[in-house]
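Use these hints to put chain B onto chain A, whose structure you have.
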Amino acid sequence: MNKKILVVDDEPDLLELVTFRLENSGFRILYARDAETALEILKKEIPDLILLDLLLPKLQGDDLCRMLKKDKKYKKIPILIFTASIVRVPSNFASMGAEDYILKPFEADDLIEKINYLTK
Amino acid sequence: MQDNDSRKYRLIFEESPDLLIQLDAKGTIIDINQRISEIIGHKPEEFVGRSFDSLTSFLTPKSIELVLADFEKKIRGINVGIYEIEAVNKDGAKIFLDVVSRTLKDETGAFDGGYVFLHDITEYKALQSALKDSENNYLSIIESSPDGIGIHCDGKIIFVNRQLVKMLGAERPEEIISKTVMELVHPDSRADVASRIKKMGESGTALSMIEEKFIRLDGTAIDIEAGASPICYRGRPAVMVVVHDISERKRNEKVLIDARAQINMILSSMQDIVFMFDSEGIFRFCHSPAGTALYLPAQEFIGKNYAKIMPPHVTELLKNALKENKNGKTSEIEYPLEIRGEYFVFLAKLSPILSWGSYQGSVAVVRDITERKKHAEQLRTERKKLRQYINICSVIFVVINMDEKVSLINKAGCEMLASNEEDIVGKNWFDNFIPEAERSTVKITFNKLMKGQIDPVEEFRNEILRKNGTIRKVLWRNTVLRDENGLITGTLSAGEDITEKMDLLDKAQMAVQAKEQFMATISHELRTPLASIKEGISAVLDGVSGEIKKDQRSLLEISKRNVDRLARLINNVLDLQKMDLGQMEFIYEETDIPSLINEVYETMLPLARKKGLDMTKQVRDGLPKIQADKDKLSQVLANLIGNSIHATEKGSITISALLEEGNIKLCVKDTGKGISREDLPKLFLRFSQIKRRFGGTGLGLAICKEIVDAHKGTIWAESQEGQGSSFMVTLPAG
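Read top to bottom, the protein sequences are chains A and B. Under numbering that gives the first Met the number 0, the first residue of the first sequence carries the number 0, and numbering increases by one thereafter. Under numbering that gives the first Met the number 0, the first residue of the second sequence carries the number 0, and numbering increases by one thereafter.
Hint data in this document are derived by calculation from the structure and do not stem from the laboratory. None of the hints are false.
A few chain B residues facing chain A, derived, Cβ under 7 angstroms:
(1) H523
(2) R526
(3) T527
(4) L529
(5) A530
(6) S531
(7) K533
(8) G535
(9) S537
(10) A538
We put the beta carbon where it would ideally sit given N, CA and C, even for glycine.
Here chain A stands alone, though its shape is the one from the complex (with noise of 0.2 angstroms):
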């Protein structure tokens, strides 16, 4: 059974490619361009992984993982934190509840093996 990996990103041309390397690498990918639609997703399905932008349109991405880490339903959801922002992240990651964090550009292998690791 393939792992689903939610991707929340608002950039579009990153986002087409990273599901088009997860499922390429085996993954069921879900993506959502903002917090809100993320939100919707999983009221109806709960991934393996949520791979979480932070710089969001409306609602942030850390104030997302704050939330869903408050949540009795999604908190045992692994989230790796996905972003371009070296001034948030790393030292802040943790305190956001978050499990890891990869920083944008990355590697692609990388970025694999720490799903992998998170999703073991």
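Same frame as chain A, now just chain B:
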């Protein structure tokens, strides 16, 4: 015989010096002697045969009555002595007569007439009266004398006047009279007095006044001056002593002596020169303490008029000053004087000497104020300098008195307040120059400071309200001012107008924040598309979208390498910025250098092998653990090794670590192309990469230096072109 007796009787009767009148038993005048014509001026025949009552022509009725009453008493056997009656002579002058009467008896013992003897005592009475008047006059003179007068006789006091009674502390003469002279003389003077009395007894002449001491009744001594003269008092030889009370004079003399001693003492301790002038302006006295400069030797002033000896400019001043004195006013003059080639300044205070309100002369107390003048001049110069200094310096100076009013402000202060000095000095500082919002707080602080309840804050920043309503920001340094008794009088504040500086600082801070924000944004905004580019290229290169040809691969690999480089560059720029702002966080922990080297070595090894390079480690045993940020130190080492791999085409890379002079020394040595002499000093500068020999960012070594510096270590390179390079890092151990 009978005739003979008769004749004798007649002779005695007629020649008697007294006026004799013979009466018979009926009171008829039988006979009167011739004395009546001498005393009264009447002839005896005028009265013979007439009754005694008829003598009214010369006797007063009262006298007649007295004589007849006397007779009657005698007849009745009552004795009556001599008594006095008054009569008038023929010229009408009053005469006084002493009366003695004798009665006669017949053979049967019956009254048979008698004689009346009248003795003229008029002259005697007159003499007696004159004597009495004289004695009274004499006594009244003695009594009213301001001197004490006493008379002693045979060594005993027999008379004292009122003044002497008073002098001796008695109330009545009886307290003194009958005392011996020596009882009144003080023991100190007794020998003197005794010898004087003796001398006077021998010579019979008066003794001049000499000073002696008497004893008052209460036993206290009294200074007197006494003179004595021998006199005859009531017929006896006596001594009259005139006593003059000199105790007051003695006291005055003593006071005078004391005063003189005091004056001398004062003069000797005075540093001032003292002159006395008489009313004519002639020097009468000169006192000059040792070491004072005197225009002439002291004795040369005496007896000379100031106008004759003092130089004209002083004479002129003295003239006016003495004139003031004559009007009862004191005066003060200051004058320069050249004395033996030296320049002096004197201050003279002149006061009039008055006696009963009339001007007798002047006293001048003259002080050498040359030094004082010099000091005052120096002080003035210093003050002027200080004033100039505080006026030209850009620091604001304000002195605020205890009453909150400004007592001094310098030019910079006026400029800062955009006001004139006269509009500031004397005004309440707080009410006028502190914005309302801060006023009460600042005032409370100031008043606490004035009461000594708090110490001044070294630096105090507040806002100042200008006349035009604008605000300046001022940084103050405050000092509490105290008077000579240590009591707080106000504050001296030195202020710096930091309005512009603060604005700049605010701007700079904003700029830093903006830059930070900008960098964060730009890095994010650059990295996001980079991520897409990189992932797109990577996906193709990884064959995710199918097989690619060899040359396609090599082209895409170039692209990917440069995307990575760009990503590193962005990271490095952000790192350096963080370091510059002190925002880079260092987490120091106990670090084992050999294991750190090992980790980095393992990480870098694949890269070295890929280029066919040897990589070895030479780590000494027993290196101490040090406090370091593991991740950052790893970053340094990886950077150095990475550089060496890039710079070396063939050969080896050696990583070594040893302890040298208390430092851990790390070395990364390669056999690469080396670094030119001129490039060596620029290695650790930002973007200093001279030749882009490999895909560096030009910031790696600059970051390494920042990290090593943060660890208080050093980093340097040794190299020769073509012969490889060595990069050394030392870190303090312990």
